[in-house]
Amino acid sequence: MKTSSKYLVIAALLLSSIANKTTAQDSTQTEKNQKILMALPGNTKMLLTGVAWFGFHANMNDTIKTNVKNSFNTYGFSPMFLWKLSDKMFFESEIEINNGEMELEYAKISYKLNKFMTVGAGRMLTPFGAYGERWEPVHIEKFPNSHLRPNDDLLPDDTHLYWGAIMGIDVRGGIPLGSAKMNYSMFVSNGPLLSKDENGRPTGVVQYENLLDENNNNKEVGGRIGILPFSNSSLEIGFSGKHGLAGDIGDTVYENIGATATAVDFSYLKSIEAIKSTISFRGQYNTLTVDKANYYLTDSTTYTFDNTMKNYYAQFSIRPSMAHGKCIKKTELMFRYSSMALPKDAIWCPKDKNGKGGIITRMDIGLCYWLNWRSGLRFAYEITTMPDGTKQNQLLALLAVGL
Amino acid sequence: MKKITLLFIPIAAVISVAITLNGCVASQTVTAKSGTQLWGENCGRCHNSPSSSDFSGAQWEVIGTHMKLRANLTEDETNKIIAFFKSAQ
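Protein chains in written order, with the numbering used here: chain A, 86 to 488; chain B, 4 to 92.
No lab work stands behind these hints, which were simulated from the structure alone. All values reported here derive from a predicted model rather than from experimental measurement. Don't be surprised by glycine CBs; every beta carbon is placed ideally from N, CA and C. Just so you know, not all the hints are guaranteed correct.
[Said to hold, decoys possible] Some but not every residue of chain B turned toward chain A, in silico, with C-beta under 10 angstroms:
(1) A61
(2) G67
(3) E78
(4) E80
(5) S90
(6) Q92
Could you put together the complete structure from these sequences and hints?
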């Protein structure tokens with residue numbers, strides 16, 4: 086719209102509102118005018134926010150003298166753009182620049198159908214479990230790093246099972262249920278992919294962040310239901326599920342290989358006057374089952390295995406938020422335990438001393454000093470135990486600043 | 004396709020039953036809650052509760068809509084929390 090036309094519309098709206106005589110009419114007309122004004126370019130409500138971070142780590146049990154034991158190992162900046170285009174339409178996007186690599190985290194347009202349902206489309210955070218959408222952002226995560234999860238630190242490929250983004254559409258909303266309430270999100274997206282080795286052969290690992298390279302006509306469907314049974318919203322329990330075919334179209338061997346994932350998440354928050362503190366529990370349990378198939382060993386012979394993975398974490402934190410001391414009320418102590426059971430017979434699964442695959446566990450003890458509600462200086466001592474019993478101990482620090 | 008159906012049927016059933024039985028109505032205890040109370044109860048579930056002075060009134064409208072979508076807050080909760088932030092400017 087030309088600038089002159091824009092001013093004419095604004096002038097007409099102002100005159101129109103002056104012309105109205107009754108108070109009720111004034112109110113109604115003003116609301117209408119505001120809606121029209123908001124629809125004009127440059128008048129939508131927009132917010133630029135985000136987070137920046139800088140981190141350090143030190144290996145505590147590496148005995149090889151030539152190895153680098155400590156370094157400033159991570160930095161990043163993640164601007165978030167939010168536009169309220171009208172009462173019904175909303176756009177949100179985030180760009181993440183992590184250790185020099187830039188990626189669009191999400192870009193999603195949402196439209197409110199009614200007060201119980203909003204439909205969204207685009208690249209969006211995975212609506213599976215609570216971790217990926219709600220607890221992963223750097224300014225929200227209390228520890229310097231994430232818990233143990235099925236990523237390329239331990240597997241041939243990142244799974245993005247319950248974090249990262251999907252391409253698709255979703256519907257979501259919150260529903261009051263008397264003194265309780267529930268929320269839901271259901272999505273349809275490009276499906277998962279079977280990750281391939283250097284020879285282009287599937288390994289059995291499933292990769293979920295399939296944004297544009299859809300490999301078959303099957304779409305993944307899934308969702309989450311959250312139940313908040315108490316009127317003070319202190320407890321939320323979420324149940325998630327998703328299913329899709331992961332094989333390439335036309336690949337007669339793998340075409341119908343399906344992947345089914347489930348998750349249960351929980352969070353509980355309580356302020357306790359007696360100890361002048363706020364306590365928080367949260368965690369998530371995930372399973373991934375991939376249909377059985379034959380995969381290749383390095384010598385081109387095939388083998389099969391029970392392709393099921395289980396991964397969970399639970400964390401507890403306590404913050405003396407009602408204490409009198411200025412510093413102590415900004416300090417939060419945390420404990421986190423995470424575990425991952427990979428398919429024990431897969432050739433890519435870390436093995437124990439007897440050559441069998443096993444369980445990897447991680448324990449973190451941490452402290453966060455909150456500089457403000459979304460900025461904090463975080464420390465953690467982390468012990469990761471591999472299936473063969475070897476331990477990797479790390480000291481981590483991270484400064485996260487909400488913008 | 005069978006697994007897809009098996010996933011969606013329980014989700015759709017729970018939502019339908021909940022809506023039918025309760026008519027999507029909050030109890031008097033919940034309806035009577037102020038924006039201040041809802042701010043304290045809901046924001047802290049994922050992150051520290053912000054102060055109203057952190058953003059302007061117009062910005063709180065944007066953030067409120069963003070949080071409604073991210074945390075699946077109810078319409079009434081969202082409106083009351085935004086109104087609280089605006090009134091406390």
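The hints, checked one at a time:
no., hint, verdict
1, A61, "holds (5 angstroms)"
2, G67, "holds (9 angstroms)"
3, E78, "holds (4 angstroms)"
4, E80, "holds (7 angstroms)"
5, S90, "violated (18 angstroms)"
6, Q92, "violated (15 angstroms)"
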